[in-house]
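Chains as they are written, first to last, in this note's numbering: chain L, 33 to 355; chain U, 33 to 355.
Everything labelled a hint here was simulated from the structure, so no lab data went into it. Don't take each hint at face value.
Which copy is meant is left open, because identical chains are indistinguishable; a pair holds if it fits in one copy or across any two.
Stated by the list, open to error - No more than 30 Å apart at the CA atoms, straight line, and that leaves these computed lysine-lysine pairs for DSSO-like:
(1) K48 x K168
(2) K187 x K168
(3) K354 x K340
(4) K168 x K184
(5) K47 x K168
If you're wondering where the values come from, they're calculated on a predicted model, not measured in any experiment.
2 protein chains.
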Amino acid sequence: MRNILCVWPVTDAHKKQLETAAPDFTFEYIEANLLTKEQVSKAEIILGNIPAKYIPEARNLKWLQLNSAGTDEYVASGILPDSVLLTNATGAYGQAVSEHMFATLLMLQKKLHLYRDSQGTQSWIDYGQVSSLVGKKVLICGLGDIGTAFAKLCKALGAYTLGIRRREGPGAPWVDEVFSSNALDNLLPEVDVVASVLPNTPDTVGIFNEKRFSAMKSTAFFINAGRGNAVDQEALYNALVTYQGTDKGIGGASIDVTSPEPLPQDHPLWKVKNLIITPHVSGFYHLPETFERIVQIATENLKKYENKQLLSNIVDFETGYKK
Amino acid sequence: MRNILCVWPVTDAHKKQLETAAPDFTFEYIEANLLTKEQVSKAEIILGNIPAKYIPEARNLKWLQLNSAGTDEYVASGILPDSVLLTNATGAYGQAVSEHMFATLLMLQKKLHLYRDSQGTQSWIDYGQVSSLVGKKVLICGLGDIGTAFAKLCKALGAYTLGIRRREGPGAPWVDEVFSSNALDNLLPEVDVVASVLPNTPDTVGIFNEKRFSAMKSTAFFINAGRGNAVDQEALYNALVTYQGTDKGIGGASIDVTSPEPLPQDHPLWKVKNLIITPHVSGFYHLPETFERIVQIATENLKKYENKQLLSNIVDFETGYKK
Numbered sequence: 033m034r035n036i037l038c039v040w041p042v043t044d045a046h047k048k049q050l051e052t053a054a055p056d057f058t059f060e061y062i063e064a065n066l067l068t069k070e071q072v073s074k075a076e077i078i079l080g081n082i083p084a085k086y087i088p089e090a091r092n093l094k095w096l097q098l099n100s101a102g103t104d105e106y107v108a109s110g111i112l113p114d115s116v117l118l119t120n121a122t123g124a125y126g127q128a129v130s131e132h133m134f135a136t137l138l139m140l141q142k143k144l145h146l147y148r149d150s151q152g153t154q155s156w157i158d159y160g161q162v163s164s165l166v167g168k169k170v171l172i173c174g175l176g177d178i179g180t181a182f183a184k185l186c187k188a189l190g191a192y193t194l195g196i197r198r199r200e201g202p203g204a205p206w207v208d209e210v211f212s213s214n215a216l217d218n219l220l221p222e223v224d225v226v227a228s229v230l231p232n233t234p235d236t237v238g239i240f241n242e243k244r245f246s247a248m249k250s251t252a253f254f255i256n257a258g259r260g261n262a263v264d265q266e267a268l269y270n271a272l273v274t275y276q277g278t279d280k281g282i283g284g285a286s287i288d289v290t291s292p293e294p295l296p297q298d299h300p301l302w303k304v305k306n307l308i309i310t311p312h313v314s315g316f317y318h319l320p321e322t323f324e325r326i327v328q329i330a331t332e333n334l335k336k337y338e339n340k341q342l343l344s345n346i347v348d349f350e351t352g353y354k355k
Numbered sequence: 033m034r035n036i037l038c039v040w041p042v043t044d045a046h047k048k049q050l051e052t053a054a055p056d057f058t059f060e061y062i063e064a065n066l067l068t069k070e071q072v073s074k075a076e077i078i079l080g081n082i083p084a085k086y087i088p089e090a091r092n093l094k095w096l097q098l099n100s101a102g103t104d105e106y107v108a109s110g111i112l113p114d115s116v117l118l119t120n121a122t123g124a125y126g127q128a129v130s131e132h133m134f135a136t137l138l139m140l141q142k143k144l145h146l147y148r149d150s151q152g153t154q155s156w157i158d159y160g161q162v163s164s165l166v167g168k169k170v171l172i173c174g175l176g177d178i179g180t181a182f183a184k185l186c187k188a189l190g191a192y193t194l195g196i197r198r199r200e201g202p203g204a205p206w207v208d209e210v211f212s213s214n215a216l217d218n219l220l221p222e223v224d225v226v227a228s229v230l231p232n233t234p235d236t237v238g239i240f241n242e243k244r245f246s247a248m249k250s251t252a253f254f255i256n257a258g259r260g261n262a263v264d265q266e267a268l269y270n271a272l273v274t275y276q277g278t279d280k281g282i283g284g285a286s287i288d289v290t291s292p293e294p295l296p297q298d299h300p301l302w303k304v305k306n307l308i309i310t311p312h313v314s315g316f317y318h319l320p321e322t323f324e325r326i327v328q329i330a331t332e333n334l335k336k337y338e339n340k341q342l343l344s345n346i347v348d349f350e351t352g353y354k355k
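Please model the complete structure; the sequences and the hints are all you need to start from.
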């Protein structure tokens with residue numbers, strides 16, 4: 033008997049869809065926090081991010097389909113045997129995360145965070161000049177699913193989009209000019225918005241440091257929805273507070289990710305007026321469309337698995353990215 | 033000697049542009065609050081919203097070019113002689129106001145007003161499900177410059193747009209379906225967003241009342257950037273607080289206009305969690321592009337005036353609208 037263990041909050045329609053795609057298998061559905069070792073040990077395929085501590089029990093596992101795009105826990109050395117295929121949910125989060133980033137960018141441009149603060153004190157205060165995306169240059173660091181979806185939104189409002197990707201390659205959809213990583217320092221002084229959706233890799237840790245914030249325009253907005261550790265948070269604080277209004281400062285920022293998470297309650301970033309903090313909520317299943325896409329990715333992969341075809345979204349253990 | 037009085041904060045480049053368009057005239061530039069009766073009395077043309085109390089002095093006035101789209105003060109009976117042409121700045125505000133409305137709509141959908149409140153108490157709280165414009169129906173009441181610009185933004189994010197206009201007429205750009213005013217009650221239960229950019233006319237006062245909020249979906253978002261008196265504010269309060277979560281409630285709202293303005297500090301609307309209040313800031317010159325467009329409208333009209341052609345943006349004294 034070949035088993036598939038699914039830890040997702042699926043509907044009956046989803047179950048039918050998944051089971052139709054893999055008729056040779058028996059499906060078990062369970063909430064991740066009710067999981068038993070026995071269920072894990074029987075599974076040939078697991079659908080969902082089971083806690084990494086259960087992985088050693090997965091003696092029959094051949095394929096793990098994550099519901100996340102990030103793979104940190106599972107690509108750590110020694111966790112998964114080399115024989116296990118790991119696939120992620122790249123492609124499911126583009127809409128949700130890009131829309132969240134975009135909404136916070138407009139909020140910064142229109143000073144809506146300041147107006148919300150004034151509303152809290154019942155104060156009718158005019159904060160003056162605002163800005164628009166029309167004709168602005170937006171630099172997007174990371175041109176996967178989320179980065180290109182964000183580029184599309186910015187272009188729809190009249191921005192010019194520049195993108196940075198780690199690998200040389202052809203153009204990316206909705207991105208007017210594509211560069212490789214080493215162009216970053218040359219581009220920072222030229223752009224009005226810097227948006228990061230970089231994943232957690234050795235190359236990206238602390239990439240947004242004091243030197244790079246200083247290089248940005250003093251009116252630039254910085255957006256991070258990738259990983260919190262891409263940002264040197266002390267440098268971000270200084271760019272927004274210590275150096276505010278000077279050449280070394282920036283105009284504002286919004287971050288959906290911090291380091292650590294949750295951000296400790298006494299962290300100085302919480303009180304920075306020109307910073308919008310959201311508690312890592314842009315992804316997950318917060319937008320219903322995201323979960324639909326995850327189930328769709330799993331369904332397509334189940335069909336391929338049944339037909340002994342190459343799966344989509346296979347993760348490269350060395351980079352943590354989709355291969 | 034024929035005089036043009038301009039009360040706008042023009043640059044030297046603007047002055048050159050205006051003067052080139054009307055070479056037969058002498059220009060006087062003055063801040064509105066430093067205006068003298070004598071300056072007003074000499075002017076054949078006035079560029080800008082001078083205080084209405086000065087109008088009786090304007091004995092030589094033939095044309096008043098406003099910098100506003102709204103004309104309330106100037107169309108009131110007895111203010112301007114019938115012989116004076118009145119033109120407004122319809123067309124200048126579409127970008128600024130529509131972008132502001134759009135930003136607050138995304139803020140509501142992504143719960144960014146709630147996250148901003150949490151940030152104020154240094155709290156890492158997840159508010160769960162969000163929504164997207166993809167596939168949503170947006171009803172726009174008022175299909176002038178602002179309404180159609182707003183429709184364009186909503187369509188760019190994947191919405192389906194419906195519009196209501198007072199006069200029968202052909203389609204409007206970016207609006208998928210156009211209706212006349214009497215379709216309002218039939219449309220309200222069908223749409224996910226209701227956006228109003230209605231001007232102040234006898235027909236629009238209190239148009240958004242308890243009956244109409246009750247007719248909206250309990251998840252609907254309501255946006256008002258037209259005139260504050262289009263909304264029965266007690267009914268809005270009830271829809272957001274008293275009837276929250278029931279059939280008679282709505283999901284959230286954002287208003288840039290109130291009645292009166294400023295909204296009194298003890299007004300109960302200030303404290304409504306699911307309401308975003310901004311202090312009538314979406315227009316004015318807060319977006320630099322707006323002022324550029326106003327000067328452009330005036331320049332084109334000066335050329336027409338010199339050539340004895342029909343001016344653009346002539347206001348109909350009966351409706352207060354552009355003719």
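TODO: Determine which of the earlier numbered hints do not hold for this structure and return their numbers in increasing order.
DONE: Checked against the structure, no hint fails, so every one of them is satisfied.
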